[in-house]
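Student: Between the sequences and the hints, there should be enough to build the whole structure, so can you do that?
Keeping their order, the protein sequence lines are chains A and B.
So the first sequence is numbered by numbering that gives the first Met the number 0: it starts at 0 and just counts up by one.
So the second sequence is numbered by numbering that gives the first Met the number 0: it starts at 0 and just counts up by one.
Honestly, the hints are just simulated from the structure, not real lab data.
Quick reminder that beta carbons are idealized off the backbone N, C-alpha and C, glycines included.
A hint or two may mislead.
As the list claims (entries may be wrong) - Straight-line C-alpha distance at most 25 Å; calculated DMTMM-like pairs for lysine to aspartate or glutamate:
(1) B:K414 x B:D32
(2) A:K388 x A:E276
(3) A:K388 x B:D159
(4) B:K399 x B:D378
(5) A:K388 x B:D423
(6) A:K388 x B:D431
(7) B:K414 x B:D431
As the list claims (entries may be wrong) - So the derived label-pair ranges between C-beta atoms look like this:
(8) B:P103 x A:L259: 50 to 56 Å
(9) B:T109 x A:A340: 51 to 57 Å
(10) B:G37 x A:P318: 17 to 23 Å
(11) A:Q6 x B:P128: 44 to 50 Å
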Amino acid sequence: MLREENQLFGLAGAFVLLAAVAVMLAAPARAGSWAVSADFTILGFAGVWLVCAAVATYVVQRALPSHDFYLLPLTYLLTGWGIILIWRLTPPFALRQTIWLVIGTAAMLGIVLLPGDLRWLRRYRYTWLFAGLALTALTLVLGVNPSGEGERLWLGCCGLYLQPAEILKLLLVVFLASYLTDRRDLLFQTRPGLLNPLPRNESLVYFLPMLVMWGFSTLILVSQRDLGMSTLFFGVFIVMLYLASGRWEYVAAGVVLLALGAVLGYGLFDVVRLRVEAWWNPWADPSGRSYQIVQSLIAIAAGGLFGAGAGQGAPTLIPVAHSDFIFAALAEEWGLIGVLAMTALLGAVVLRAMRIAAGATGAFGQLLAGGLGALLGLQTLLITAGVVKLLPLTGLTVPFVSYGGSSLVSAFCLVGLLLRLSAMNDQPARPNEL
Amino acid sequence: MTAPINRLTILLGAGFLAVALAAGFWQVIRGDDLLQRGDNPRRALLERRVPRGQILDRNGQVLADSAGQPGAWVRHYPDPNLAPVLGYVSPLVGSAGIEAALDPVLHGDTGLDPFTIYWRTSVLGLPPPGRDVRLTIDLGVQRAADTALAAYTGAVVLLDAQTGEVLALASHPTFDANDLDSHWADVVNNPAAPLLNRATLALYQPGGAIEPVIIAGALQARLATAQQIFDAADQAVIFDGQSLNCRTPPTHSNLTLTDTLSLGCPAPAAGLGLTLGTADLARLFTQFQLFSAPALSIPTVAPAADQASVFTNTALAGIGQAGLTVTPLQMALVTAALARHGQMPVPQLVMQIQNAAGGWVSTPSRAPTPPIINPAFADQVKAMLPGGLQATAITSSGGKTLAWYLGLSPFDDPKVVVVVLLEDGDPRSAKDIGDVVMQAAH
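Tutor: Pasting the structure below:
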């Protein structure tokens, strides 16, 4: 097991280092002359990445010998590729992303090294969630946007910016997993009769705390016009209800509610209307409101099968390509091959989360791993489907890859939790717990 | 909980597959459509790395080249007045004119197989170098035209009457295609419409300038002869509430067709229009190819043939005040046909193109087309135009007067023809401009 992990890690390292050299040589290659000197900073970032990955692998192998050995190589391959893409798009942001990579690695290792099992997460679920909510609510008052204008979703201090919603989304999954595990029997007991899948009247009351918590989260996000996060929260909520109950009715109801919400949002919020219109017919206003999506589609088209080559395309033409539109930048320079590879890598992380969920011994572990996997999968789908014009755009990051400190740290925490859960699977099952 | 987890896994997997398929759809199936959009600057951006080909005049003088250094080549036009011909090329606003029409040559793709282009552009990162183009434009004549036209709104076209080569094509006001991105908004919003090529794309009321065509039609229909005397030739023609008189009042009343042309008397041509009738006029204008856009490398237009208003009033059609409108380029071709025994040349703007090996390939010369009119009649009409033809036209909008001048030189065996159009000018100035430009062509 550990040997396989080391081999996978070797492959990831080789890929990231080669890609770093390629993207570094892109500048002289573009000019066609060595008079234009290569910028060596990317090698430094790749070096820091290598150290982080090596330390993380070493520590995790020591602390959790039976952890899922796909997760770490996948995580680091994606983050390394992400730093290279960001460096190519907006070089100064690669430094910040590398700093966040160090912080994220530390956070992940912190979760991995915490003594005991994950009972502390379950026990204090309200505390965690309230802390997350409080931080998020704080952005309503103190919120800023580091890029100057736009939705103010960040809390800033001393040059570092935190997007509390990124932490809140993890805490919400933890809360839901914990609550659903404890109240599962009460929540989903049904009246006798096949045709009546609705919960008993008396069990409806047990839905309340959950609905209130989820409603709070969504309310804050909606009042901030954070479309992507509120959609993601809703999706994760529905998925976890489905996982806990096994009933497709929740999914059906969720889809109907989502459609209703979309119609309402279309009528009430300009943001929603603009996004939907830019999605439905971007060609109507290609130089105005749908400039970004049209330029993104052109960039994707410019990639073709094999891409323009690392550093050889012109993805900087897409506004804010390093964040929401990193997938389009990838498509231009790495082609369909790169898109398939990255989609497969992200899909593989989700798949591993689902394997961990399926193999978990307790309901909490199953729900937590499944919820985290769903969170990762839905977030990836929402943003990538938006970039390829399958769905309206919701401003989210591609996990591990996009520029964004909170997003990266949150993704690393998620991996840390998954590593813990995967390591518990092989331990002898203990009654009643996890 | 295993079954829901498995179903969820399958659902998410299907979502990832859908994203991959959609990316493939845009990259492979819709790729070419998207890349050809005007707001895709990638092709133009490549030319910062590898310079675009030069555009030269017929004597090898540079009309457009790429200035700067590798990695930062910028398109440069030494003579900005040539913008109506050369157009522009920019990553931001797209391209037009010769820059657009000959883009595959100037960019360097023509004649290379797609694999070579892919290999050089994407793998080596060094697109094939652009290749040069030599136009029929004569920079000296062109400068004369631009200088003469500088104070006016209008157009000048000077053709080699025999070959159809465009030696000068000017349209004013014009714009500076250098550093166009920085002043694009001004150019677009300018009410004087500097982006409009008035020589090839603007349809003007022909007015008296159409009369040689009407007379040719009358001659070939045996409705008139060159020596025929028209009594009451100085009678006014009523158009749109105003009476049109001879431009120069005649000293005697019995005028020949030659006299009416040089004095600018509308009545005889109105009468001929009336006698020819709707069907013959339609045939005549088709015969002089007034309904077909001339085939030039840069865009041209022609009026629609099916405009009912063109012929409803045949008397006004005879004096060019009915629905028919023409471009100065079309009038230049008509003049060339009358000057060269009925042989209408095909206009030509591109003389030579550089091939991948660096040699010059001439544009294939076109096989002579049959005369559009019996040479005898063409010669008779030409004989009526010893000093060229000055004419005016009244526009439907606000009664603005257009001034036309059709000139041929030398008169005995015309080598070049010139057409000058001035918006809101007088025919005398048009003639002066035309004569100066023809002078420069000799």
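Student: Hints first: check each against the structure and report whether it holds.
Tutor: Hint check:
1. B:K414 x B:D32: With a Cα-Cα distance of about 45 Å, the restraint between B:K414 and B:D32 is violated, given a limit of 25 Å.
2. A:K388 x A:E276: 12 Å, holds
3. A:K388 x B:D159: 54 Å, violated
4. B:K399 x B:D378: Distance ~33 Å between B:K399 and B:D378 Cα, so the pair is violated.
5. A:K388 x B:D423: 52 Å, violated
6. A:K388 x B:D431: 60 Å, violated
7. B:K414 x B:D431: It holds: about 19 Å lies between the C-alpha atoms, which stays within 25 Å.
8. B:P103 x A:L259: 50 to 56 Å: Once the Cβ atoms are compared, 53 Å apart, the range 50 to 56 Å for A:L259 and B:P103 holds.
9. B:T109 x A:A340: 51 to 57 Å: At 35 Å between Cβs, range violated.
10. B:G37 x A:P318: 17 to 23 Å: 18 Å Cβ-Cβ, so the 17 to 23 Å window holds.
11. A:Q6 x B:P128: 44 to 50 Å: 46 Å, holds
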